[in-house]
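K.L.:
This is what each chain is made of:
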Amino acid sequence: MSTAGLEDAPRVHAGVLYLTVFVVATSGLVYELLAGTLASYVLGDSVFQFSTTIGTYLFAMGIGSFLSRYVRDDVAERFLQIELGAALAGGLSAPLLFLGFAYADFFAVVLYGMVILIGILVGLEVPLLMRILKERLELGELVARVLTVDYIGALVGSVLFAVVLVPELGLNRTSLLFGMLNAAVALGGTRALRPLLPVAVRRRIAVTAVLLLVGLGAAFVFADRLVLPAEQELYAERIVLVKQTRHQRIVLTQGRTGVQLFLDGNLQFAEIDEYRYHEALVHPAFAATGEVRRVLVLGGGDGLALREIFRHPTVSRVTMVELDPQMTELARTHPVLKELNQRAFDDPRLELVHDDAMVWLDQRGPDAEGFDAIVVDFPDPRSFSLGKLYTGRFYALAAQALAPGGTLVVQSTSPLYARRSFWCIEATIRGAGLHTAPYHATVPSFGEWGYVLARRRAFDPPEHLSLPDLRFLDDASMAQLFVFSRDMDRPADPPGPNRLDDQRLVRLYEEEWSRL
Amino acid sequence: MKRRELLHALLGASAAWGCGVREGEPPPPPVAALGGADVERGHRLVRDLDADFESAPEHRVPVAIVGGGPAGLSAAWWLARHDRPFTLFELEDEVGGTSRSGASAVTPYPLGAHYLPLPDAANERLRAFLHHMGALDSRGEPTPTTTVREPDERVFYGGYWYPGLYPYAGASAHDLAQLGRFHRVLDRYAGVRDGAGRPAFALPLARSSMDADLVALDRETGAAWLDRQGFTSPRLRWLCDYACRDDYGLSVDETSAWALLFYWVSRMPAPGEETAPLLTWPEGNGALVGHLRALLRDRVQPGHAVGAVRQDEAGVTLHVSRADGQRMRVRCDRCVLAVPDFVRARLLPGSVSPSPYSAWLVSNLHLADRPAGLGSEPAWDNVLHGSESLGYVSATHQRGRDHGPTVWTHYLPLLREDAREALLEAEPAALADAVAHDLERAHPDLRAHLERVDLWRWGHAMVSPRPGFLEGGRRLQERSAPIGRIHLAHTDLSGVALFEEAFFHGTRAAEEILAAGPHPGEGGAPT
Chain A
1 MSTAGLEDAP
11 RVHAGVLYLT
21 VFVVATSGLV
31 YELLAGTLAS
41 YVLGDSVFQF
51 STTIGTYLFA
61 MGIGSFLSRY
71 VRDDVAERFL
81 QIELGAALAG
91 GLSAPLLFLG
101 FAYADFFAVV
111 LYGMVILIGI
121 LVGLEVPLLM
131 RILKERLELG
141 ELVARVLTVD
151 YIGALVGSVL
161 FAVVLVPELG
171 LNRTSLLFGM
181 LNAAVALGGT
191 RALRPLLPVA
201 VRRRIAVTAV
211 LLLVGLGAAF
221 VFADRLVLPA
231 EQELYAERIV
241 LVKQTRHQRI
251 VLTQGRTGVQ
261 LFLDGNLQFA
271 EIDEYRYHEA
281 LVHPAFAATG
291 EVRRVLVLGG
301 GDGLALREIF
311 RHPTVSRVTM
321 VELDPQMTEL
331 ARTHPVLKEL
341 NQRAFDDPRL
351 ELVHDDAMVW
361 LDQRGPDAEG
371 FDAIVVDFPD
381 PRSFSLGKLY
391 TGRFYALAAQ
401 ALAPGGTLVV
411 QSTSPLYARR
421 SFWCIEATIR
431 GAGLHTAPYH
441 ATVPSFGEWG
451 YVLARRRAFD
461 PPEHLSLPDL
471 RFLDDASMAQ
481 LFVFSRDMDR
491 PADPPGPNRL
501 DDQRLVRLYE
511 EEWSRL
Chain B
1001 MKRRELLHAL
1011 LGASAAWGCG
1021 VREGEPPPPP
1031 VAALGGADVE
1041 RGHRLVRDLD
1051 ADFESAPEHR
1061 VPVAIVGGGP
1071 AGLSAAWWLA
1081 RHDRPFTLFE
1091 LEDEVGGTSR
1101 SGASAVTPYP
1111 LGAHYLPLPD
1121 AANERLRAFL
1131 HHMGALDSRG
1141 EPTPTTTVRE
1151 PDERVFYGGY
1161 WYPGLYPYAG
1171 ASAHDLAQLG
1181 RFHRVLDRYA
1191 GVRDGAGRPA
1201 FALPLARSSM
1211 DADLVALDRE
1221 TGAAWLDRQG
1231 FTSPRLRWLC
1241 DYACRDDYGL
1251 SVDETSAWAL
1261 LFYWVSRMPA
1271 PGEETAPLLT
1281 WPEGNGALVG
1291 HLRALLRDRV
1301 QPGHAVGAVR
1311 QDEAGVTLHV
1321 SRADGQRMRV
1331 RCDRCVLAVP
1341 DFVRARLLPG
1351 SVSPSPYSAW
1361 LVSNLHLADR
1371 PAGLGSEPAW
1381 DNVLHGSESL
1391 GYVSATHQRG
1401 RDHGPTVWTH
1411 YLPLLREDAR
1421 EALLEAEPAA
1431 LADAVAHDLE
1441 RAHPDLRAHL
1451 ERVDLWRWGH
1461 AMVSPRPGFL
1471 EGGRRLQERS
1481 APIGRIHLAH
1491 TDLSGVALFE
1501 EAFFHGTRAA
1511 EEILAAGPHP
1521 GEGGAPT
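Each protein sequence line maps, in turn, to chains A and B.
The numbers in the first sequence follow this note's numbering, run straight up by one, and end at 516.
The numbers in the second sequence follow this note's numbering, run straight up by one, and end at 1527.
Think of the hints as simulated: they come from the structure by calculation, not from any bench.
Check each hint, because a few of them may be wrong.
[As the list claims (entries may be wrong)] According to the in silico footprint, chain B covers these stretches of chain A (three or more CB under 8 Å from chain B):
1. 379-385
2. 388-401
3. 457-465
4. 500-514
[As the list claims (entries may be wrong)] Chain A is nowhere near these chain B residues, computed Cβ spacing over 10 Å in every case:
5. V1031
6. A1033
7. P1062
8. R1139
9. P1142
10. P1144
11. A1206
12. R1237
13. A1276
14. H1385
Where is the CB? At the ideal position from N, CA and C, for every residue including glycine.
Turn these sequences into a full structure, and let the hints guide you.
P.N.:
Structure follows, in structure tokens:
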């Protein structure tokens, strides 16, 4: 230590330095909480994610403290530089992680990389500060005061985080705000530590700090637009995953009522009421059939219909034909989705095929063994390539794949919002030589939703469920599903069937839904 | 030939424009196969005209059919249906002519013609054949997978794909008024019946009226007729030009006005009614000739070049040389000559003055995945506005496979003389590059998915219905008349190269032979 340093040391303003310790401690804790919260948002299982991120963070702080011994000279300059680094990394941590989990396949790598980087920077801060202050105080006093302020800062940080910051600012702005505080500390430090810094260094750090303040401030103002996936504004809830596959764009959002899955912008299910949709899709078909052993699922890559199917102990084999392998892989591995579908994709009874359902049925031929139940769960007929899965040709192939006493069930869009489309699908299924029993259920996220049961011989709607203790259906409520009120009932002039060479359903569907 | 010149020759001025803007030329896509008529064999056929066949062994067959295109195969089918023995000789290793097809692990695909409008009730023979191959059910309705799956066509215009063939986007009131008037004119022709009750335009052409006022349309070009009718809308004129290129490989400036109207009206059952639905298969019309080939396999001799046809009082002698160099004389009672005019002129000198032909380049693009495109979703037929090509047909569309690998068949009629030269002279890789360039406008990432291109050169693809081709309405009668014991069957007789014409002439020639009675050596054929 130079004599100049010793002489100048008393002039360093101690109050400002304690404030610095306070801010450093608060922001350090906030970054830690941010990472833990984000990890549990995205990866689910909050206890595990929180404990591992915080453990990693503390460990990284330990690395930072250890590394501080290699800072020999120019302690004040290094401290301010680390402060700038913390401002940048910490301030952008939440926005970067948001982008990371929306687009990166290795979210965990990005997350822990970020946690380790911030932890090291924060871990370096306090030891360096103590070395700057040690010129003024004897060791016992120094440790007591710094650690007191440090722990108070941590307390304030944790209370603020839960009570004010997350509810008022959200994760992104909280992160940007604390980045700005770190930058402000660096700027203030150029004044408080003036005696310890050469003029050129001071100027450089001050300019960088101002630039960071401006940049982070701008990001703070435009946080919503700058850092979220471009399509966030299309969704009511926060996007937690965006995946563009060869076949579709998968978006997962998370809000107060749980997750929602969108394919190409269309809601596929909402956690809060998907059980109504999937119970109504699967169980009436099982109730209409005797013992169901072999099941075919066409579409339904989220695995939620599978979950309901696997509840039936008679089921020995389920074949799922789903076009998009990335959809089923996501449903198999994503923490939130696999919890929702109860790890249906790991069930040994499942045989998974990735193909176009129509081509698969066609190539299967008429002689293969029939299925006792066929569950058809495609997106609505919004395009011709989806519309072909609602044609007479398709249902003829499905009928061919049905065991003699088997039942086909088809999700058939809303009989209320798209009444003629619904009855067009029903007419198409009948046109393929099957007997039908149309029904509907209320799924608040979708509205009134329609289905069609179909069998080779004439049949009455099923009366007795084969499973007890469902959340939505019992025998009495199932009977109600087959009753259509006047505004949803078969129109007096029902549309003709949908054909491969004349896909009237696609036009009808577009016309009806565009009216809403 | 430079890339720009080649693009200009093949695709026209608009396609070549801008090809130099990009820095460096993209590497041409890999070419796996270059196919087309076997030129070497064609030349041998000419040489063998003068060769000594006197010492060659003689084989006797009751009826010989020369040519295994759709006309020859149809003649064979009709004879087989009536239990008449015959042998068919085909120069190439594969029968099928311009309706041939190829196949990859992904899908079969066409090498030439790729659809057939549903024949009307009057075309009983063709409907019987379609029923026999399973394309029509017992009620005469097309089976669900045979009619083109919707969306059947789309057009790339101004950077976007639009549904249908006519580019409605941005069309002015003037354009739409002319389109409406054009449809009314077609409607009026669809209702015309002559004194004998014949429609103005019908398929096959033999059913069309040859009344003088209708035949008068054959004196001018389609473009001149459009001018005279006051049809000036560029979009309508493009549509008519597309129609001529599609069916005849000619521009509307070269096509007979009669043929232009024939294209539209022959497919309209009656005024105001929908145009006949199109029947298609992944391999295009390869499915039609495939069915014929499977039925007739043991009576078809591919790789047999017929070099001369000579007849005397008692019968007909053919000079036949096989691919392995062996020669033989084939002696038959009667013969069906189902070859194009330029071949017939050599086999039977002086019997015909050759007609003009159009040349085509048909390219099959093998794609690992679907290239992206803006606008309406992919259709079966994907037409490029402003290109001299016809765009492409997707071979996987009809089977319902809308994702993953596919084969696109790109059709390029060669309208100018320099295009035909380019077709023969250009390196295959340069031709494939031109095809990719044509499609890149609509699918910028095409080359990223392109695994290989198979090229097929059709030097004499189809007879050209230029003005005057009806020969005053006498063409069909005069050209179709048998020459002694030699019966004629080919689309060249009609002057329009359509499967319906080939089938008509094939079965007609077979019918003539049946009508002439059993040949002397045959002890009474079953009736």
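K.L.:
Which earlier hints turn out false for this structure, listed by number in ascending order?
P.N.:
Numbers 3, 9, 10, in rising order.
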